[in-house]
Amino acid sequence: MKKLLLIILFPVFAGCAELQDIAGQLPQGGYGISNAEIASGLRQALDFGIDKQVTKLTQEDGFFKNELVRINLPPELQKVDKTLRDVGLSSLADEGLKVLNRAAEDAVKEATPIFVTAVKEITFTDARNILLGDDTAATTYLNNKTATPLYSKFNPVIQTSLDRVGATQVWTNIIDRYNALPLTSNVNPDLADYVTQQAMEGVFTMIALEEKEIRNNLGARSTQLLQRVFALQD
Numbered sequence: 001m002k003k004l005l006l007i008i009l010f011p012v013f014a015g016c017a018e019l020q021d022i023a024g025q026l027p028q029g030g031y032g033i034s035n036a037e038i039a040s041g042l043r044q045a046l047d048f049g050i051d052k053q054v055t056k057l058t059q060e061d062g063f064f065k066n067e068l069v070r071i072n073l074p075p076e077l078q079k080v081d082k083t084l085r086d087v088g089l090s091s092l093a094d095e096g097l098k099v100l101n102r103a104a105e106d107a108v109k110e111a112t113p114i115f116v117t118a119v120k121e122i123t124f125t126d127a128r129n130i131l132l133g134d135d136t137a138a139t140t141y142l143n144n145k146t147a148t149p150l151y152s153k154f155n156p157v158i159q160t161s162l163d164r165v166g167a168t169q170v171w172t173n174i175i176d177r178y179n180a181l182p183l184t185s186n187v188n189p190d191l192a193d194y195v196t197q198q199a200m201e202g203v204f205t206m207i208a209l210e211e212k213e214i215r216n217n218l219g220a221r222s223t224q225l226l227q228r229v230f231a232l233q234d
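Residue numbers (the numbering used here): 1 to 234.
Fair warning: there could be bad hints in the mix.
[Stated by the list, open to error] Simulated pairs of lysine-lysine, DSS-like, Cα-Cα distance not exceeding 30 angstroms:
| id | residue 1 | residue 2 |
| --- | --- | --- |
| 1 | Lys98 | Lys153 |
| 2 | Lys65 | Lys153 |
| 3 | Lys65 | Lys212 |
Just so you know, the hints here were simulated from the structure itself, not pulled from any lab data. None of these values were measured; they are calculated from a predicted model.
Input sequences plus hints: build the corresponding full structure.
What follows is the structure in structure tokens.
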């Protein structure tokens, strides 16, 4: 049971107030690893599980060129995309997609501090539930704990980013061109809300991917410290 407690700490438990208490319950004898090393390994797992994946998404094309999280058009605008391409305006449609993804890449920079707060607030009951959960139980905990503050943080950033990178102008042009076509119905979706929801989904998709890897794949433990610490769960 004690060695399995390590599972729950990836990716959400390193650095919280209860870390040292739980680390102190792990036996030092027979495993060849100290409590201090265990704590350091768990913090390193957090770096791999959250910071690594969040950082990827904040880079240019972090969303746009990642098929797992790439933001495509909302249903209301899929007909816009098809119509524009049918009339030879593919480049305009492509630019519209790119600026939506750029906005998400900007917003995700705000995620890490919110995750840190969630980590600090985790209780032992939360930890036990995560332990008994599936391969993405930790990610599910983060989702449930942070969805509201993430939305509040992401949405204004995305709205600002849409304006800054010219998305508002691009999409106004796209929608105006589409609405001017004969036999079409006017559309006016809330792009900021849509991109916010898609950006949040993308963050949790990538964290879940890393959580599964470190739980199940020995090769994902890419440092000696991770190998030694997570060997206790095997």
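For each hint, the structure was consulted:
1. At roughly 21 angstroms between alpha-carbon atoms, lysine 98 and lysine 153 fall within 30 angstroms of each other, so this suggested pair holds.
2. Among the hinted pairs, lysine 65 with lysine 153 is consistent with the structure: their alpha-carbon atoms are about 24 angstroms apart, no more than 30 angstroms.
3. The straight-line distance between the Cα atoms of lysine 65 and lysine 212 is roughly 22 angstroms, inside the 30 angstroms bound, and the hint therefore holds.
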